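As you go down the protein sequences, you meet chains L and D in turn. Numbering-wise, the working numbering puts 44 at position 44 of the first sequence, and it's gapless, one number per residue. Numbering-wise, the working numbering puts 298 at position 105 of the second sequence, and it's gapless, one number per residue.
By construction, these hints were calculated from the structure, which means they are not laboratory data. Among the hints, erroneous ones may be present.
[As the list claims (entries may be wrong)] Below 35 Å or equal to it, Euclidean Cα-Cα: the simulated DSBU-like pairs (lysine-lysine) are:
(1) Lys-70/L with Lys-275/D
(2) Lys-125/L with Lys-275/D
(3) Lys-653/D with Lys-120/L
[As the list claims (entries may be wrong)] Among chain D residues calculated to face chain L with C-beta under 10 Å, some are:
(4) Thr-215
(5) Ala-593
(6) Pro-594
(7) Val-596
(8) Pro-597
(9) Lys-600
Owing to the predicted nature of the structure, the values given are computational and were not obtained by experimental measurement. Where is the CB? At the ideal position from N, CA and C, for every residue including glycine.
So the chains spell out like this:
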Amino acid sequence: MIRGKIAFASGMLVALAGGWLAFPRILYQTRLQPVDFSHKVHAEKAGAKCEDCHSFRDDGTYAGIPTLDKCSGCHAAAMGTTAAEKTFIDQYVTPNREPQWLSYARQPENVYFSHVSHVKLGQVKCERCHGNEGGTGALRPYQQDPISGYSRDIWGRPVNRIGLRTEGGMKMDDCVNCHRRQGLEYSCMGCHK
Amino acid sequence: MTTTRRNLFKFVGGGAAGALLTPAPWRLITDAALWSENWPGIPRPARGEIRARFTHCTLCPAGCAVRARCVNGQPVSLAGVKPHPIGHGALCPWGIAGHHLPYHPARVRQGPVKEAVAAVARAIAQRGAGERVAVLDLRPGRTVSWTYRRAMAAIENGLYLTPGQPAYSIDLAAAKTVVSFGAPLLDGWGTPGNVFAARDHFRLIQIEPVETRTAALADMWLPIRPGTESVLAAALAGETTIAEAARVTGVEEEAVGAVQEAAQSGSAVVLAADPGSPLMSLNAKFGALGRTVVARRESPLPDAWKKAAPVAEMAAAPDGAIRVLLIDESLPGGYVPWSTIEPKLAANAIVVVFSSTSEGYARHAQYVLPAPVYPEAAEDIGPAIDTVAEVFRIAAPLVAPVVPVVKPGEFVAQMAGLPQGDPLRERADAIHKTGRGALLSYADGKSTPAKEVTADDFWKTLNQSGCWMDETGKKAAPSGLGRSVTRLTSHDELPLAVVVAEFNRGGLASPLMSKLERESNLRMAANRVVLSPADARANGIESGGRCLLETACGRMNVVATIDAGVPSGVVEVAGGPRMADLCGASRRARVVRA
């Protein structure tokens with residue numbers, strides 16, 4: 001009898017350990033960003049603001065991650081002495097090769113998210129959804145769920161979503177919860193077009 | 194300690210129970226659900242730069258301004274343009290799903306172009322004296338319509354035919370009362386944004402046998418006996434007594450009196466389901482001409498275009514005389530029943546249809562040539578029935594044609610030997626030359642007088658983000674609206690009035706529209722008819738039973754639905770070209786057991 005209980009408990013412990021410790025580690029594929037980029041250096045030394053690089057076009061659309069043209073405007077030649085900048089210029093600016101940035105916050109194909117209506121009309125701060133990305137010294141590795149194909153940032157960092165902060169996830173539930181809290185309208189056709 | 198099979202099962206059971214207490218199974222279920230949305234074969238737009246582009250919708254004459262969200266140049270979603278003074282940012286379900294049409298599985302993808310060119314050239318060369326070459330333009334009022342007219346003027350015995358185009362526009366903003374004889378005012382009539390912007394300022398009286406969506410949303414709905422509309426109109430015009438009208442139409446005397454009083458109170462407008470209906474003559478009785486019913490205004494033309502063939506309706510063509518008939522069905526528009534066209538054709542006539550669908554005239558033509566669909570072709574859109582101002586707007590293409598297409602305008606111009614050129618540009622230059630009106634830019638909502646921009650900038654703005662409007666002209670009374678409304682419909686041996694259950698624009702429709710509106714609201718099956726319980730009982734028809742829909746033009750096997758919401762004397766049918774061909778001009782039918 002006691003042996004049976006031990007067997008059951010052992011199975012349970014193995015599953016719990018696997019589910020809570022191993023599963024989150026094996027769930028995501030990890031890839032490095034193409035360039036060792038520091039938001040912090042650009043914000044503090046160059047005095048750049050988010051919208052200087054992540055800008056809105058005249059027609060209201062959001063430009064997203066800046067293209068090489070934007071970077072080349074300042075980094076046509078080296079501005080500092082870091083190895084990261086030298087590598088960036090040698091590998092991308094000089095051969096005019098676009099870096100293949102990996103977007104942490106890319107929404108699925110069936111979602112239409114308007115930055116302009118959130119940032120300009122809703123006065124939502126960038127940090128509200130993206131966290132303190134603008135203050136980090138290096139880009140974190142990009143983690144992707146190979147089954148769904150989505151970035152880990154969409155689901156949120158904790159695999160169980162327990163204790164998720166406001167800016168922790170970008171799932172539909174997170175959008176809807178925020179709109180509910182703000183007393184704003186939300187409907188299917190608002191995002192899915 | 195030995196491992197028994199029982200303990201092994203307990204270990205597995207414990208593992209299963211433990212797994213349920215971890216996020217793993219729940220997360221895998223979610224991921225599997227998402228994965229199922231990303232299977233290979235599911236189309237997805239390319240990743241790339243996201244830009245907004247502007248165009249105009251050509252799916253109906255409203256020509257609403259459209260803002261397209263494009264990824265890598267590919268439109269992925271369409272929306273209205275708020276600064277547009279006529280559309281007010283509204284876009285109907287057809288317009289919202291318009292960018293799917295180039296990829297529609299039912300689209301005509303190829304056609305015998307060379308054979309058609311040779312056959313037309315041969316037929317023109319060999320035609321006998323008095324035999325005609327004709328173009329049937331289902332969407333008159335466009336710049337390409339003028340190309341057709343010029344081409345038909347250049348060809349001996351050329352005919353330019355249309356399904357009929359009203360010579361008037363309706364100024365809803367100036368109306369305080371709208372008396373509608375079955376016009377689907379709130380369900381696809383005119384420019385949706387303009388109608389709903391004006392809706393708060395007028396009282397809507399809807400007169401029709403069936404409670405359509407417009408009837409349900411009207412301030413007053415008069416369920417009239419089918420086919421008796423002209424009697425009620427005669428009473429409103431004072432040509433018969435109210436008591437007589439009430440007796441014939443089944444509408445209460447008080448209601449007829451109330452409508453008459455409202456219509457005579459000034460600033461009223463009468464609308465009819467068919468814009469060419471004699472019912473429109475009531476507007477003359479009520480003093481609406483020049484006030485709410487005004488002469489249709491067309492934007493300026495190059496002087497060289499003035500030598501053009503006159504506009505004629507199919508009925509005016511001589512019988513058996515058309516040797517070559519070219520039908521432009523590239524855009525959804527009017528429809529002339531085949532029973533009206535067929536007698537006009539010569540025995541050895543060549544019929545060529547430019548179309549994206551095989552449902553319309555393609556069923557009757559020898560040559561069906563694939564035409565571009567919205568938003569593949571550069572087109573302009575003529576003024577809608579509720580557009581009072583002069584307007585010129587271009588539907589700039591958002592995608593290159595995804596199949597090899599034949600542009601009907603170029604085909605006809607080449608056939609007639611017209612000089613090569615860009616008619617849209619020529620017309621834009623002619624408009625700019627007048628110095629009238631203003632250029633509205635959708636990107637910033639600014640309006641600039643046309644005389645303050647260069648011809649090149651004028652053309653560029655029209656193609657990229659704007660339209661030209663001139664609202665300064667004086668309202669004039671339209672011609673052609675007679676003064677008698679007493680044209681009673683004969684009922685002969687076909688006892689049922691045919692009512693089209695839905696507003697059908699014709700042409701292709703995106704299958705994804707059902708995400709926006711209920712499927713049943715959009716599409717009634719083509720082989721369904723709806724009858725009142727009394728009519729069904731009288732003919733021994735059961736719900737779901739097979740029966741025959743018979744008209745003066747033919748018969749069709751259909752399935753009956755019995756609905757108490759349909760009044761006796763009416764048969765509701767689905768819209769579309771097949772039903773239009775079957776019903777012909779009379780719109781009377783009977784339903785019998787198969």
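Structure-based check of all given hints:
1. Lys-70/L with Lys-275/D: 32 Å, holds
2. Lys-125/L with Lys-275/D: 26 Å, holds
3. Lys-653/D with Lys-120/L: Holds: Lys-653/D and Lys-120/L sit about 29 Å apart, inside 35 Å.
4. Thr-215: Constraint on Thr-215/D satisfied, holds at 2 Å.
5. Ala-593: Since chain L brings no Cβ nearer than about 22 Å to Ala-593/D, farther than 10 Å, the hint is violated.
6. Pro-594: 24 Å, violated
7. Val-596: Not OK, violated: Val-596/D not within 10 Å of chain L, min 24 Å.
8. Pro-597: Status violated, d = 29 Å.
9. Lys-600: 29 Å, violated
Violated hints for the displayed structure, listed by number in ascending order: 5, 6, 7, 8 and 9.
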